[in-house]
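Given the coordinates of chain U, assemble chain L onto it according to the supplied hints.
Protein chains: 2
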Amino acid sequence: MKIANQISMKEIAKLCDVSVATVSRVINNNGRFSEETRKKVLDTIEKYQYNTNTVAKALRMKKSNTIGIIVPDISNEFFSTIVHGVESFFFEKGFSTIICNTGKSKEKEKVYLKTLDSKMVDGLICISGQEEIEASLLSRNIPIVTMDRRPKMTNNLAIIESDHSQGGYLATKHLIEKGCKNIIILTKKNRLSPDIDRMEGYKEALTEYGIPFTLQSIVETTDHPKGNFEAAREAIRQELESGRTFDGVFATNDWIALGVVKALSDFGKKVPDDVKVVGFDDITIVKYIETPLTTIRHDVEKLAEVTSKLFYQLLTEKDVLIKQKHIKIPVELIARKTT
Amino acid sequence: MKIANQISMKEIAKLCDVSVATVSRVINNNGRFSEETRKKVLDTIEKYQYNTNTVAKALRMKKSNTIGIIVPDISNEFFSTIVHGVESFFFEKGFSTIICNTGKSKEKEKVYLKTLDSKMVDGLICISGQEEIEASLLSRNIPIVTMDRRPKMTNNLAIIESDHSQGGYLATKHLIEKGCKNIIILTKKNRLSPDIDRMEGYKEALTEYGIPFTLQSIVETTDHPKGNFEAAREAIRQELESGRTFDGVFATNDWIALGVVKALSDFGKKVPDDVKVVGFDDITIVKYIETPLTTIRHDVEKLAEVTSKLFYQLLTEKDVLIKQKHIKIPVELIARKTT
Chain U
1 MKIANQISMK
11 EIAKLCDVSV
21 ATVSRVINNN
31 GRFSEETRKK
41 VLDTIEKYQY
51 NTNTVAKALR
61 MKKSNTIGII
71 VPDISNEFFS
81 TIVHGVESFF
91 FEKGFSTIIC
101 NTGKSKEKEK
111 VYLKTLDSKM
121 VDGLICISGQ
131 EEIEASLLSR
141 NIPIVTMDRR
151 PKMTNNLAII
161 ESDHSQGGYL
171 ATKHLIEKGC
181 KNIIILTKKN
191 RLSPDIDRME
201 GYKEALTEYG
211 IPFTLQSIVE
221 TTDHPKGNFE
231 AAREAIRQEL
241 ESGRTFDGVF
251 ATNDWIALGV
261 VKALSDFGKK
271 VPDDVKVVGF
281 DDITIVKYIE
291 TPLTTIRHDV
301 EKLAEVTSKL
311 FYQLLTEKDV
321 LIKQKHIKIP
331 VELIARKTT
Chain L
1 MKIANQISMK
11 EIAKLCDVSV
21 ATVSRVINNN
31 GRFSEETRKK
41 VLDTIEKYQY
51 NTNTVAKALR
61 MKKSNTIGII
71 VPDISNEFFS
81 TIVHGVESFF
91 FEKGFSTIIC
101 NTGKSKEKEK
111 VYLKTLDSKM
121 VDGLICISGQ
131 EEIEASLLSR
141 NIPIVTMDRR
151 PKMTNNLAII
161 ESDHSQGGYL
171 ATKHLIEKGC
181 KNIIILTKKN
191 RLSPDIDRME
201 GYKEALTEYG
211 IPFTLQSIVE
221 TTDHPKGNFE
231 AAREAIRQEL
241 ESGRTFDGVF
251 ATNDWIALGV
261 VKALSDFGKK
271 VPDDVKVVGF
281 DDITIVKYIE
291 TPLTTIRHDV
301 EKLAEVTSKL
311 FYQLLTEKDV
321 LIKQKHIKIP
331 VELIARKTT
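Residue numbers (the working numbering), protein chains in the order written: chain U, 1 to 339; chain L, 1 to 339.
By construction, these hints were calculated from the structure, which means they are not laboratory data. It cannot be assumed that every hint is accurate.
It does not matter which identical chain is used: a pair holds within one copy or between any two.
Computed list of lysine-lysine pairs in DSSO-like fashion (alpha-carbon distance at most 30 Å, straight line) [said to hold, decoys possible]:
#	residue 1	residue 2
1	Lys309	Lys226
2	Lys106	Lys39
3	Lys14	Lys114
4	Lys93	Lys226
5	Lys189	Lys287
6	Lys269	Lys10
7	Lys189	Lys10
8	Lys309	Lys181
9	Lys152	Lys287
10	Lys14	Lys309
11	Lys114	Lys93
12	Lys262	Lys287
13	Lys39	Lys270
14	Lys226	Lys337
15	Lys14	Lys39
16	Lys104	Lys287
17	Lys39	Lys178
18	Lys10	Lys302
19	Lys110	Lys93
20	Lys104	Lys178
21	Lys270	Lys110
22	Lys39	Lys114
With the rest of the complex left out, here is chain U (with noise of 0.2 Å):
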């Protein structure tokens, strides 16, 4: 026996048990056949090299109708949502969505670009996560859109997140407009691209307003066993504990903010009256507590939207060439008690 470099249709069409004219149609992609029938022939006709690989190939890329979406917590709201909409919006499409959790492990990230790949998914969406993608584990060319990170691949790339910038902008605007003359910035000490983005905005309203920016402005949280809430209530803590005086805090998500409040509550002060407290992700909790929480709302639903959309063409329109695509979506400060 041995393996021939090409053979007929007809072969195929014996080796896979089934008629020529079903071979022309799963070639051809016309007609009514089985998903097994499918990859059965496909399989055949890339293991003979039937024609070109390159057939083979183009036919496979159609495959499997099946994305994949690698998020590092799926516990957290912001990303179960984006998810959410994503996959109901490629469910409409007759696509399945499948989805790994990596638990923000670069191990696992590598282990689940693998096992997405080896199940044939048509796309990526990598939300969050390592700022690289290690595309190189992937076997296929197959097109990756990205979200809140920011790889350094070339092709086949898309990348959409909130304007953190703007964010930030918008948060220090807010406090100066509400009489903070001295604002410090809370964030943590290892920062992805949103939480610099986010710094960046900060500096931009201080430097609009003629207030100077230094290093002390920035407070760096430490990890915490116990997560961002107490880590930066311990980080407050210490900032009053030294002295410092301060009378606005932009924090850089909502359960800093959240450790700020309850640390100058811990020590006495009045919040908005002593100090004025701004987040970041307007996540649900923030409205129910007692202080609610002035912050800065995602459009969640624009994101998973344009992400849908952009990701929907990328997979179904062969021709669409990006070399890398960086869309921003405009994010809204919602006023509510600490300011």
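Relative to chain U, chain L alone:
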């Protein structure tokens, strides 16, 4: 070219372009070989029916090292915490987890069952959603573990869930011991098994304390576009407007309980002085609100752990035969400020 019914290891090796030793290693699942080689060899064996079908099938059964999870709503923190726990457990064991989100749609559930089956998952975890699982959609006989649903399949199945009836009992007993004489249960009109069990526990506690249970004790929320919170608020509003009096509410989930608290406050009723309220689930938000909620807490870590361990056993020990295993994990009352 003819399809052979049986071919030798040598022929398989030739077809796969690997050595006979490699084929042997794959067949005996022993020693080193890449996933690609394994797939190639197994595919070839199956195609040419090496030895008996059973061998290829048995080999194939262990093949993908991927499990599938079907979840109705990943933005629900109870589900996402379970999924996270299961994913982490299986990652440690060398399994990838792929997740499909059905948005509680029966149609989507069917499609995703087929999708996960076609992705060759080794087994399925189905969390909540439809009570039935259309196992006939699956092409292979793979183990299934369900949480919070009770399909009527007889094989390959385990059911794991919180002890919802114990929770309903604890909630109601707590209200009685806090002095409530007239306790209503507020629950959804369309009840799945967890809701039904929670109500059973409520009845059991009433009976134990000699309090009559009547159909009037049950108040049902009707679907509200803004969700359980507004649905519950509306239901309680109607009860209060109709002149109904009560001094305790057992709400069958936390969002319903929060809606109850809001409706009572709309009518100037004091919680817990005029009316005491107990929820169910202990979602994050309930401890941060103005009057932190008394509620029933699931042992989420235990649920994830028991599910993972049992499922792993089903996946790896071929001789585990379970008819239907039904495991209930105890819950706990968390007393806060609404009682």
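Checked hints:
no., hint, in the structure
1, Lys309 / Lys226, "between (38 Å within a copy, 26 Å between copies)"
2, Lys106 / Lys39, "between (33 Å within a copy, 26 Å between copies)"
3, Lys14 / Lys114, "between (33 Å within a copy, 27 Å between copies)"
4, Lys93 / Lys226, "between (41 Å within a copy, 26 Å between copies)"
5, Lys189 / Lys287, "both (27 Å within a copy, 28 Å between copies)"
6, Lys269 / Lys10, "neither (83 Å within a copy, 80 Å between copies)"
7, Lys189 / Lys10, "neither (64 Å within a copy, 59 Å between copies)"
8, Lys309 / Lys181, "neither (43 Å within a copy, 56 Å between copies)"
9, Lys152 / Lys287, "neither (38 Å within a copy, 42 Å between copies)"
10, Lys14 / Lys309, "neither (41 Å within a copy, 45 Å between copies)"
11, Lys114 / Lys93, "both (25 Å within a copy, 17 Å between copies)"
12, Lys262 / Lys287, "both (15 Å within a copy, 14 Å between copies)"
13, Lys39 / Lys270, "neither (66 Å within a copy, 65 Å between copies)"
14, Lys226 / Lys337, "both (26 Å within a copy, 24 Å between copies)"
15, Lys14 / Lys39, "both (15 Å within a copy, 22 Å between copies)"
16, Lys104 / Lys287, "both (27 Å within a copy, 27 Å between copies)"
17, Lys39 / Lys178, "neither (63 Å within a copy, 64 Å between copies)"
18, Lys10 / Lys302, "neither (50 Å within a copy, 57 Å between copies)"
19, Lys110 / Lys93, "both (28 Å within a copy, 16 Å between copies)"
20, Lys104 / Lys178, "neither (37 Å within a copy, 45 Å between copies)"
21, Lys270 / Lys110, "neither (47 Å within a copy, 54 Å between copies)"
22, Lys39 / Lys114, "both (20 Å within a copy, 15 Å between copies)"
Hints 6, 7, 8, 9, 10, 13, 17, 18, 20, 21, counting from the list given before, are not met by this structure.
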